[in-house]
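There are 2 protein chains.
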Amino acid sequence: MNRQELVNLIKERQSYLCVGLDTDLHKIPRHLLSHPDPVFAFNKAIIDATKDLCVSYKINTAFYECMGIRGWESLQRTVEYIPSGLFTIADAKRGDIGNTSTQYAKTFFETYNFDAVTVAPYMGRDSVLPFLSFNEKWTIMLGLTSNEGSQDFQLQQSGDEYLYEKVMKAGMSWGTPDNLMFVVGATQTSQLGYIRQLVPDHFFLVPGVGAQGGNLQDISAQAMNKDCGLLVNASRSIIYAGNGEDFANDARAAALQLQQEMAECLEAKQTLANS
Amino acid sequence: MNRQELVNLIKERQSYLCVGLDTDLHKIPRHLLSHPDPVFAFNKAIIDATKDLCVSYKINTAFYECMGIRGWESLQRTVEYIPSGLFTIADAKRGDIGNTSTQYAKTFFETYNFDAVTVAPYMGRDSVLPFLSFNEKWTIMLGLTSNEGSQDFQLQQSGDEYLYEKVMKAGMSWGTPDNLMFVVGATQTSQLGYIRQLVPDHFFLVPGVGAQGGNLQDISAQAMNKDCGLLVNASRSIIYAGNGEDFANDARAAALQLQQEMAECLEAKQTLANS
Chain A
1157 MNRQELVNLI KERQSYLCVG LDTDLHKIPR HLLSHPDPVF AFNKAIIDAT KDLCVSYKIN
1217 TAFYECMGIR GWESLQRTVE YIPSGLFTIA DAKRGDIGNT STQYAKTFFE TYNFDAVTVA
1277 PYMGRDSVLP FLSFNEKWTI MLGLTSNEGS QDFQLQQSGD EYLYEKVMKA GMSWGTPDNL
1337 MFVVGATQTS QLGYIRQLVP DHFFLVPGVG AQGGNLQDIS AQAMNKDCGL LVNASRSIIY
1397 AGNGEDFAND ARAAALQLQQ EMAECLEAKQ TLANS
Chain B
1157 MNRQELVNLI KERQSYLCVG LDTDLHKIPR HLLSHPDPVF AFNKAIIDAT KDLCVSYKIN
1217 TAFYECMGIR GWESLQRTVE YIPSGLFTIA DAKRGDIGNT STQYAKTFFE TYNFDAVTVA
1277 PYMGRDSVLP FLSFNEKWTI MLGLTSNEGS QDFQLQQSGD EYLYEKVMKA GMSWGTPDNL
1337 MFVVGATQTS QLGYIRQLVP DHFFLVPGVG AQGGNLQDIS AQAMNKDCGL LVNASRSIIY
1397 AGNGEDFAND ARAAALQLQQ EMAECLEAKQ TLANS
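Chains as they are written, first to last, in my numbering: chain A, 1157 to 1431; chain B, 1157 to 1431.
Treat the hints as calculated values from the structure; they're not laboratory data.
Treat each hint with caution, since some may be false.
Any copy will do: because identical chains look the same in the list, a pair fits if it lies in one copy or spans two.
Pairs of lysine to aspartate or glutamate, EDC-like flavour, derived with a Cα cap of 20 Å [stated by the list, open to error]:
| id | residue 1 | residue 2 |
| --- | --- | --- |
| 1 | LYS1183 | ASP1383 |
| 2 | LYS1293 | ASP1334 |
| 3 | LYS1262 | ASP1180 |
| 4 | LYS1325 | GLU1304 |
| 5 | LYS1262 | GLU1229 |
| 6 | LYS1207 | GLU1304 |
| 7 | LYS1207 | GLU1292 |
| 8 | LYS1183 | GLU1304 |
| 9 | LYS1293 | GLU1266 |
| 10 | LYS1425 | ASP1204 |
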């Protein structure tokens, strides 16, 4: 999916919601466990219930990998089930020397046909460039993450700036707003406005709303750009909104509330308004 | 495997060789392609030919992941085929927020029963600690990597030190020499002696010998400690040493040469000598 298609989708749906499928066999409703592939059965119900409210699904690969081959089967069924035209993200946080990063890029862009993959930047330029060489595919580099550990290195001074600034500036010199996004945590409210000044055009994937405590209005006020420029992810607060037979309805209600708040945020900033 | 067992193994074999199974379907001898699982057939032959010369095998997960479910089947067969008593490393470079890192740790320590997994540090403390909580399992944090991109962030100043120093010092405060190693690239010869002073006790996993140009004697002279403290990895220079029907013999010859050089390096430093 290219940038214009993504922007059109956001405008059409009045949503920049990404639903995170961090599906944990131990947390899904018990009645699904008799299904031959309980994780896929859960994801299918969540997708059916939310697919008109979001623009993207993010699959956290760890939750599938830990189940071994069975987990990768669930992942493959899930990514194939996501309606075409929605933006699919493999949240895999890969990154290695060049020839290895090329294999990771093939994994997610070709083998599983995701639109995007998250990439860890510690190993530098040659670990990121292989991901950027795929046409109409997206690299989502970690910038400033939502977790407490972001203080250990990302928020340490590197010369006259924070490390995360150096990382994001480097990323901007390697990729373009048409093939590179950044992960910016929803909990980093003190930095968000500054980061948007630093990186005016690129999309941000913003995790940390909901279970991790980030606030949608704050994020949107500070970090929205003229194309919206945001994909805000919620995982646990949507997919585990309910735990009974009607869990999908509860997930839909949680997604709908976020979508409505997003429509208001777009309206408030007159972003993507019909001219 | 615990530290004493690893040290005993190195002493017994006079080897600190780790053979890297970066097995690429496009690079293995053509005659294997008719095998139902060519990657496993290749790995099996390499393991049979080298298992008395090395102390460890490192599986670079990217090369398996890119083949989808079939690749994970090859990985699983391979890790199960490695003789027990050898140290198995999943070179996966994972790392994410705490609850996700826990899933990655389960993946490699429980689902596939590796002894060790490589971990990317960018997300900080809570992304690394979950790996360290498994008994007799090892976390191998990226310190200073072998690739050119190590200059982009790792070798940038962070306060009055390089970022990689800050990362390794932080790692030392999170783990111990009994559950934490560091990746230190063989090509970083100007830093190796200094890094060993900084981190006297932990094992280093040293990639970059062979195809990437690192020199075994230099590494050993600078970075060996009293327990050896090194696992030196060679991947392409061993597994692709030959490309004919007798590729496994060529791999054995390449591994034997490295093992003999390692025995000399241990002798030269009187490391693990019989008292």
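Consistency of the hints with the structure:
no.: 1; hint: LYS1183 / ASP1383; in the structure: neither (36 Å within a copy, 44 Å between copies)
no.: 2; hint: LYS1293 / ASP1334; in the structure: within (9 Å within a copy, 42 Å between copies)
no.: 3; hint: LYS1262 / ASP1180; in the structure: between (26 Å within a copy, 13 Å between copies)
no.: 4; hint: LYS1325 / GLU1304; in the structure: between (22 Å within a copy, 18 Å between copies)
no.: 5; hint: LYS1262 / GLU1229; in the structure: both (18 Å within a copy, 18 Å between copies)
no.: 6; hint: LYS1207 / GLU1304; in the structure: neither (31 Å within a copy, 42 Å between copies)
no.: 7; hint: LYS1207 / GLU1292; in the structure: neither (22 Å within a copy, 44 Å between copies)
no.: 8; hint: LYS1183 / GLU1304; in the structure: neither (24 Å within a copy, 43 Å between copies)
no.: 9; hint: LYS1293 / GLU1266; in the structure: within (10 Å within a copy, 33 Å between copies)
no.: 10; hint: LYS1425 / ASP1204; in the structure: neither (30 Å within a copy, 65 Å between copies)
In this structure, the hints that do not hold are numbers 1, 6, 7, 8 and 10, in rising order.
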